[in-house]
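Going down the list, the sequences are from chains X and R.
As numbered in the numbering used here, residues 1 to 113 make up the first sequence, in order.
As numbered in the numbering used here, residues 1 to 268 make up the second sequence, in order.
Warning: the hint list may mix true and false statements.
Claimed, not checked - With a Cα cut of at most 16 angstroms, we get these calculated EDC-like pairs of lysine to aspartate or glutamate:
{"#": "1", "chain 1": "X", "residue 1": "Lys61", "chain 2": "X", "residue 2": "Asp30"}
{"#": "2", "chain 1": "X", "residue 1": "Lys61", "chain 2": "X", "residue 2": "Glu27"}
{"#": "3", "chain 1": "R", "residue 1": "Lys59", "chain 2": "X", "residue 2": "Glu15"}
{"#": "4", "chain 1": "R", "residue 1": "Lys224", "chain 2": "R", "residue 2": "Asp192"}
{"#": "5", "chain 1": "R", "residue 1": "Lys196", "chain 2": "X", "residue 2": "Asp87"}
{"#": "6", "chain 1": "X", "residue 1": "Lys103", "chain 2": "X", "residue 2": "Asp87"}
{"#": "7", "chain 1": "X", "residue 1": "Lys19", "chain 2": "R", "residue 2": "Asp46"}
{"#": "8", "chain 1": "R", "residue 1": "Lys59", "chain 2": "X", "residue 2": "Glu16"}
{"#": "9", "chain 1": "X", "residue 1": "Lys108", "chain 2": "R", "residue 2": "Glu49"}
{"#": "10", "chain 1": "X", "residue 1": "Lys108", "chain 2": "R", "residue 2": "Glu53"}
{"#": "11", "chain 1": "X", "residue 1": "Lys103", "chain 2": "R", "residue 2": "Asp55"}
{"#": "12", "chain 1": "X", "residue 1": "Lys103", "chain 2": "R", "residue 2": "Glu53"}
{"#": "13", "chain 1": "R", "residue 1": "Lys48", "chain 2": "X", "residue 2": "Glu16"}
Just so you know, these hints were derived from the structure itself, not from any lab.
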Amino acid sequence: MHEFSIVMSIVETAEEKVKEHHAHSVESIDLVIGDLAGVDSHALDFAWESAVKNTVLQTAKRNIIHLAARAKCLECDCEFEIKELFDGCPLCGEPLLQIMQGKELQIKSMILN
Amino acid sequence: MCATCGCDSDAKVSIHRVGEAGLLNVENLTLTPLKEPIHVGTEKRDRKEITLEQDVLLKNNLLAERNRGYFLAKEILALNLVSSPGSGKTSLLERTLLDLRGTENFYVIEGDQQTSNDADRIAATHVPVVQINTGKGCHLDSEMISSAIQQLHPQNGSILFIENIGNLVCPAMFDLGEQKRVVIISVTEGDDKPIKYPDMFQSSQLCIINKIDLLPYLKCDLDKLKQYARRVNPTMEFIELSCTTGEGLSQWYDWLKKEKLQEQSMLV
Ligand SMILES: Nc1nc2c(ncn2[C@@H]2O[C@H](COP(=O)(O)OP(=O)(O)OP(=O)(O)O)[C@@H](O)[C@H]2O)c(=O)[nH]1
Ligand SMILES: [Mg+2]
Ligand SMILES: [Zn+2]
Ligand SMILES: [Zn+2]
Ligand SMILES: [Zn+2]
Chain X
1 MHEFSIVMSI VETAEEKVKE HHAHSVESID LVIGDLAGVD SHALDFAWES AVKNTVLQTA
61 KRNIIHLAAR AKCLECDCEF EIKELFDGCP LCGEPLLQIM QGKELQIKSM ILN
Chain R
1 MCATCGCDSD AKVSIHRVGE AGLLNVENLT LTPLKEPIHV GTEKRDRKEI TLEQDVLLKN
61 NLLAERNRGY FLAKEILALN LVSSPGSGKT SLLERTLLDL RGTENFYVIE GDQQTSNDAD
121 RIAATHVPVV QINTGKGCHL DSEMISSAIQ QLHPQNGSIL FIENIGNLVC PAMFDLGEQK
181 RVVIISVTEG DDKPIKYPDM FQSSQLCIIN KIDLLPYLKC DLDKLKQYAR RVNPTMEFIE
241 LSCTTGEGLS QWYDWLKKEK LQEQSMLV
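Please build the complete structure, drawing on both the sequences and the hints.
Here is the structure:
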């Protein structure tokens with residue numbers, strides 16, 4: 001699962017930031033994950049547990065900010081919440097959508113010690 | 001390590017040329033570190049809060065853009081072939097490399113967890129090929145491609161095929177710097193794959209429907225398959241073919257020629 005690579009990228013960034021700021025560990029980390037980011041929270045938890053061992057994130061508190069997915073219909077311009085990538089426009093039924101929100105996968109902030 | 005497919009980042013990645021002389025082991029090349037965006041820091045006694053708002057896959061994305069720039073400057077058409085295991089990626093490449101031999105310069109990067117079987121099949125067509133073994137990793141990333149290119153030295157104006165790991169989930173998230181992503185689905189997989197794996201179908205531009213020689217034996221509704229794919233990707237192009245009988249292959253070759261011309265015109 002790519003969740004492992006994702007956690008490894010987070011660990012790598014955290015290690016760099018800790019070094020850069022002459023800190024020694026991360027107290028907490030805030031992540032933003034959109035509902036359509038393609039990240040399974042179960043798999044993420046699982047990967048997190050093994051990937052943060054012996055790293056600056058080992059004892060870090062992890063906060064996940066979930067973002068609901070929103071799309072805009074390119075036919076009728078209306079904006080709405082979507083649950084799946086294959087949802088069509090609730091008004092006109094067209095599949096031509098622009099995803100406005102929900103694909104995010106970000107490290108928002110960290111508190112370093 | 002991971003719940004679904006057991007990938008493990010500790011596993012060794014190896015990248016090497018596969019040729020008639022067998023395996024040449026070349027060490028991985030080190031990449032120059034990428035610049036990171038500037039962040040704002042706020043001091044709080046001995047604690048420090050830093051705001052990043054940084055994409056988790058930033059490094060992969062930056063390196064992918066670097067690969068893309070390299071391809072563009074050298075007018076190389078780079079294609080990322082993705083599918084479930086066994087949909088026919090290697091078969092399609094074998095056919096293509098033999099049928100179009102002498103008309104284009106081809107290069108291949110083969111991704112596989114463990115073996116070099118696919119790279120050996122490509123090497124038999126005398127096309128330069130680099131094997132990337134990801135160990136337990138379930139996708140290729142842009143750094144692996146960057147190292148592989150440095151071993152392949154593709155010529156200007158060539159076509160580079162990248163066969164990704166057989167997996168419809170993980171490779172969807174990792175941009176390699178390709179110009180186009182080609183998803184291959186075989187008719188034996190069922191017509192609802194596009195909505196079961198929407199990320200892959202949304203991020204691909206061409207969908208090849210392979211093994212159409214088997215249609216008489218199956219219940220697979222191609223119209224329904226395309227309809228599902230268009231629901232996640234309204235601009236998707238489709239080509240139906242059979243690597244076994246050769247039916248439909250000429251459409252794929254025409255598509256390649258069209259894409260190559262487009263790549264060359266991007267520079268002007
Ligand atoms: N009937 C039929 N069989 C095909 C066709 N194309 C490929 N196959 C068979 O499908 C099997 C898998 O083909 P490959 O080309 O190895 O598939 P792949 O996608 O490269 O597989 P992985 O690299 O393992 O993910 C082989 O036994 C092929 O002979 C086709 O058009 N028709
Ligand atoms: Mg293969
Ligand atoms: Zn995995
Ligand atoms: Zn994965
Ligand atoms: Zn609409």
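Restraint check for X:Lys103 with R:Asp55, where alpha carbons must lie at most 16 angstroms apart: Holds - the C-alpha atoms of R:Asp55 and X:Lys103 are around 11 angstroms apart, at most 16 angstroms.
Taking 16 angstroms as the top limit, are the C-alpha atoms of X:Lys108 and R:Glu53 close enough? Holds: X:Lys108 and R:Glu53 sit about 4 angstroms apart, inside 16 angstroms.
Restraint status (C-alpha distance of R:Lys59 to X:Glu15 at most 16 angstroms): holds (14 angstroms)
Given the hint that X:Lys19 pairs with R:Asp46, test it: the Cα-Cα distance must not exceed 16 angstroms. holds (15 angstroms)
Do the alpha carbons of X:Lys61 and X:Glu27 lie within 16 angstroms of each other, as the hint requires? Holds, at roughly 6 angstroms.
Take the C-alpha atoms of X:Lys61 and X:Asp30, compute the straight-line distance between them, and say whether it is at most 16 angstroms. Holds, at roughly 9 angstroms.
So if I understand the rule, the pair passes when the alpha-carbon distance is 16 angstroms or less; does R:Lys59 with X:Glu16 pass? holds (13 angstroms)
Does the alpha-carbon distance linking X:Lys108 and R:Glu49 stay inside the 16 angstroms limit? holds (11 angstroms)
For a C-alpha distance cap of 16 angstroms, please report whether R:Lys224 and R:Asp192 respect it. holds (8 angstroms)
Holds or violated: X:Lys103 and X:Asp87, Cα atoms, limit 16 angstroms. holds (15 angstroms)
Next pair to validate is X:Lys103 with R:Glu53; report whether the Cα-Cα distance is within 16 angstroms. holds (14 angstroms)
Hinted pair R:Lys196 and X:Asp87, Cα distance within 16 angstroms: holds (13 angstroms)
Of the hints listed earlier, there is not a single one the structure fails to meet.
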